[in-house]
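Colleague: Sequence order for the protein chains is F and H.
Note that UniProt numbering numbers the first sequence so that position 77 is 77, with each residue one more than the last.
Note that UniProt numbering numbers the second sequence so that position 176 is 176, with each residue one more than the last.
Quick caveat, the hints were computed from the structure, so don't treat them as lab data.
Calculated cross-link-like contacts (lysine to any residue; reagent style SDA-like; alpha-carbon spacing at most 20 Å):
id	chain 1	residue 1	chain 2	residue 2
1	H	K137	H	Y101
2	H	K391	F	F80
3	H	K239	H	R67
4	F	K140	H	P18
5	F	K217	F	G204
6	F	K159	H	M1
7	F	K124	F	M156
8	F	K76	H	N393
9	F	K76	H	R387
10	F	K76	H	Q320
11	H	K305	F	D55
12	F	K120	H	R2
13	F	K140	H	A306
14	H	K305	F	Q90
15	H	K305	F	R97
16	F	K140	H	T15
17	F	K120	H	M1
18	F	K120	H	D5
19	H	K239	H	L258
20	H	K391	F	A79
Computed list of chain F residues with no C-beta within reach of chain H, every gap over 12 Å:
id	residue
21	T17
22	K67
23	L129
From the three backbone atoms N, C-alpha and C, an ideal C-beta is built for every residue, glycine too.
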Amino acid sequence: MIELQDICRSFVVGDETVHALDHVTLDIAKGEYISIMGASGSGKSTLLNMLGLLDEPNSGSYQFQGKELTTLSEEKRAAFRRENIGFIFQSFHLIPRLTAAGNLELPLMLMGMSPAERRKRSTKVLADLGLSDRAHHLPKQLSGGQQQRVAIARAMILKPPMLLADEPTGNLDTHSGTEVVKILEALNVSGITLVVVTHDVALGRRAHRRIRMLDGKIVQDESSRSNESAT
Amino acid sequence: MRASDNLQFSGRALTAYPMRTGLILLAMSIGVASVIILTTLGEGARQYVVGQFQMLGSHLLFVLPGRTETTGGLPPLLGTSPRDLTIDDALALKRSRSVQYVSPNVTGAAPVSYGAREREVMVFGTNNELFDAVELKILKGQFLPEADPRDAVSISVLGETLAKELFGKKHPVGEWIRVGDHRFRVIGVLSSEGQSIGMDMKDVVIIPVASAQSLFNIPSLYRIIVKARSKEALDQAEKDVIKIIRARHDGDDDVTILRQDALLKTFDGILKTLTWAVAGVAAISLIVAGILIMNVMLVSVSQRKAEIGLLKALGAPTRQVMTLFLSEALMLSLAGGLIGLALGLFSAKMVTFWIADFPVQTPMWAIGAALLVTVVTGLVFGSIPARQAAKLNPVIALSGK
Ligand SMILES: Nc1ncnc2c1ncn2[C@@H]1O[C@H](COP(=O)(O)OP(=O)(O)O)[C@@H](O)[C@H]1O
Ligand SMILES: [Mg+2]
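When you get a sec, could you build the whole thing from the sequences and use the hints?
Modeller: Here you go:
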């Protein structure tokens, strides 16, 4: 589904150039469950942002289902993100003045869906998450685990084929973290490609394919279960 | 994104910071209110002056000796200086059927005394027709009687203030006063309700025009006031005056005719310009409010970087992010504008309450212009922060750096 070829991304900080991604080549098949691990500053987030088309490489090629993406205009990149990518962040990134339902409906609102239709969808999703009684609560009135569940629901509401999570359990206690991981894994089982950046070794081990990064390079890429055949 | 959702989203962003939003609304509404109040007062002043002119009756002509350069035509040839206007010229104007009243005028200043009291006042030489031409009112006695204006009769009519100052509580009619070296019998006192024609009619002595000529030792007139039979007859009256004077002055057009409606137009124009000018000054306060909006929106953009990054991650195109922030600025300026409009109209009404006979009418153009400037302010000063938001790098925005 995804083919990264010799992707480089560097940042100039002062008079030093940091190579956040250094000739990264990576194939991802549909339905994979991948974890990305590595020391802080090794380029994990940069790689995830590259996959989600939030960032642009200095060189290299990114093909999605055979289509080159590095040459797309910002307008098309936004459309690609909307249709294909769900993002999960360490700090949830819920809008503080919107209720749980409001945050959940945000992607639907941006695409112009009617309020009634939105409400119908968000009510169902919140019920599936067991958050029906929290629909009209503001994010600050929710626990971290509840906030991250709302964020996952928001990422999934337009049913994108790929979910990118950057340290999704980083701000959560063990119990909520486990709960969130179970939701993500259930989504993967239902066919969604899942890429998780994590510091948590135990969480990283759960993935079927484990990538280790060091200084902007992929230094290890091991699969415990061969499911790449699904390509 | 739907317009209604856009409004709601931006509106909620504004109400989330009530203090900040309130301050901007205050600045914006003060700006708009001052535009409304100042233009209302300017327009009121204009209508007041126009009204005063119209009360004079709008079909007056003022005939002045000499030709002004502004009326065009060739400068007078060497040696042909303009002729003076005479009482006979004035009498000749009565031949026109479009002319109703003709009043020859001579004015000057002279000491006026009664007993030990003396004052220096304006002396106004004229005839009985002035009374009807400019609609004077009499308080006591009578105005100058109908008579041949060439006769120098020693009678006088006093302005109300002058009569009080010379006579105090005493009845002036029938008394003799001294004007310069001449003695005049007082036959009446003007009411101060009468209208002025370029002078204060409360503080004058009116005497027959021939008496004034001998008092000041001048053979000519200062001016002739002509009243046409009607507004429609005004043009014809003017033509007749020119024709008659030309015939009497050997074919020379050596008088200047001021029409009251032309004077009115001039005053009208000046006051309109003045109103525009004060409105312009007030509009500067709107620009100040606009800069305030820009600054607050810039702060808002930098505080809400994460939100902007999120919108982009969710696939909101650049244009949409820009629209969202631009609508915030527009909502701020429009809400401020509407509050200011209400405030301004209310204050204008209060002016009517305090100054009863001052015409208060907020001009429609001022309301339209104030709202237009409001919208433009929002668009112009909102577009800079909106553009800033739209071009934020989503990775940096989301990282909170
Ligand atoms: N916007 C940026 N500007 C400058 N340097 C950056 C930027 N983003 C990332 N970097 C640098 O790139 C390297 C990789 O960063 P990142 O991908 O965030 O690492 P990780 O997520 O593995 O901790 C780091 O050295 C970081 O300092
Ligand atoms: Mg990171």
